[in-house]
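J.: So the protein sequences, as listed, match chains A and B.
This note's numbering numbers the first residue of the first sequence as 1 and each following residue consecutively.
This note's numbering numbers the first residue of the second sequence as 1001 and each following residue consecutively.
Warning: the hint list may mix true and false statements.
As the list claims (entries may be wrong) - Quick look at which bits of chain B chain A covers, simulated, 3 or more residues with Cβ under 8 Å:
#1 1136-1146
#2 1149-1155
#3 1174-1181
#4 1279-1289
Bear in mind the hints are in silico, worked out from the structure with no lab data behind them.
Cβ coordinates follow ideal geometry from the N, Cα and C atoms, glycine included.
As a plain string of letters, each chain reads:
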Amino acid sequence: MSGLGELERDVMTQLWDAAEPLTVRQVHERLTPERDLAYTTVMTVLDRLAKKGVVSQQRSDRAYRYLAVQTREEMTAALMLDALGAAPDGAARDAALVHFVGQVGPADAAALRAALEAAARNS
Amino acid sequence: MTAPLLGALGLMLSLIVPKALAQAHWPARVPAAAVVLWQCVTLASVLCAVGVVLAAPEETLRALGSGRVVAAWVLLGTLAVAAAIVSRLLLSLLEVTRRSRVRRDRHRLLVDLLDRAEYHGELDRSLDPGAPRIDPGTLRILDGALPFAYCLPGRSPRVVLSGGTLKVLAPEQVNAVLTHEQAHLRSRHDLVMESFSALYRALPAPLRRRTALDAVHLLLEMLADDAARRRSGAGPLREALTTLGGAADALIADTGLAADAEADAAGRDSEAERRDRLERLRPGAPGFSVPLQLSAYALAVSVLVLPTVVLVVPWLAQALPTWPL
């Protein structure tokens, strides 16, 4: 994974693991024990994630706080729904993704979602 | 007589031949050649349709002996219709490519963020030290008990596994799955599928047939299976197919919610596909054959070349001298 991609992933992990929205400084502090990072780099990464729509920005007392738009479990479930071909547009076998075996096809999305949520709770 | 003959040939290539080809068992033995044959048959049927559009009005006019002005207008009309057919195909291809790219970009963003770094070391340690490794830059492992594996083709490809897959599959089975996915990515099977999807979507709904789409999809899976079999042997691949194939179906059945009829049909299709793939991996199954491969390639070339030589060239020889423009 490229350096930037890896950093984006680790920043997201911090936001997911935190109980509340974090400031840039807080994210920076949580990441720096393991690596040497500039404050501005963390700021850039959070900005990029916000532009991609996976992180939202909240203004509170002169500082921006960041939080993940979806929990890790929600995002995983959404991803799997897309991966299993149950996307709302019924994108059946349009070659966007190639499955190792038996795509579920335009399956009943409700059934699949229930199954995934159950699976997420049990894991 | 060119237009009726081309029309008959086109109907045969788009209705009868695909049905026969989809039901035949030999393509599974030479999947690469069979994919080329499907491409040639499909391209030839499109060319026949364009040929009919061009030849029919010209032949009718020649038979009626109409004047030069009428002939010129009719020719302009036919050219416009032919151009419309070709551009509809190209636009459909652009649209399919664009949609795939948008969906993949979004999907890639999410798998990159959800990747669990800690599983990578686990997987790495479980594989034999000598076993070939997948490029760690392309592998993503997600949380989740549901076992699944797929790949995200394109210029920045990804192979995606779930944590559940690593739990239910033995290391050599995981290796077979990874080799299978990499074969898809390296040979750009997505481009082949996209061209067939584009044609499917370009046709008016009553004329659409999934025959070619489904058959080519299965053949591409078989090609990737062959790559995995060469590296890991048939055994681990067969076991991985059996284990992963049942997982999603079982999960849906567990919820007790009935899937709709369309999903049922899709489930049966994927079930049949898995059976076909397992069948050719069984010990003693009829395998690759050079003569069969050569015959399939010869057939593919002749499907494209013969109609041109026998029908189109003689028609052009007659039609061009009376070109009205």
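J.: Next step is simple, just say for each hint if it's right about the structure.
T.: Verification of the supplied hints:
Counting residues of the segment 1136-1146 of chain B whose C-beta lies closer than 8 Å to any C-beta of chain A gives 7; at least three are required, and the coverage claim holds. With 5 residues having a beta carbon nearer than 8 Å to a beta carbon of chain A, the segment 1149-1155 of chain B meets the requirement of three or more and the stated coverage holds. For the segment 1174-1181 of chain B, the assignment as covered by chain A holds, since 3 residues bring a beta-carbon within under 8 Å of that chain's beta-carbons and 3 suffice. With a cut-off of 8 Å between beta carbons, the segment 1279-1289 of chain B has 0 residues touching chain A; three or more are needed, and the interface restraint is violated.
Taken one by one, the earlier hints fail for this structure only at number 4.
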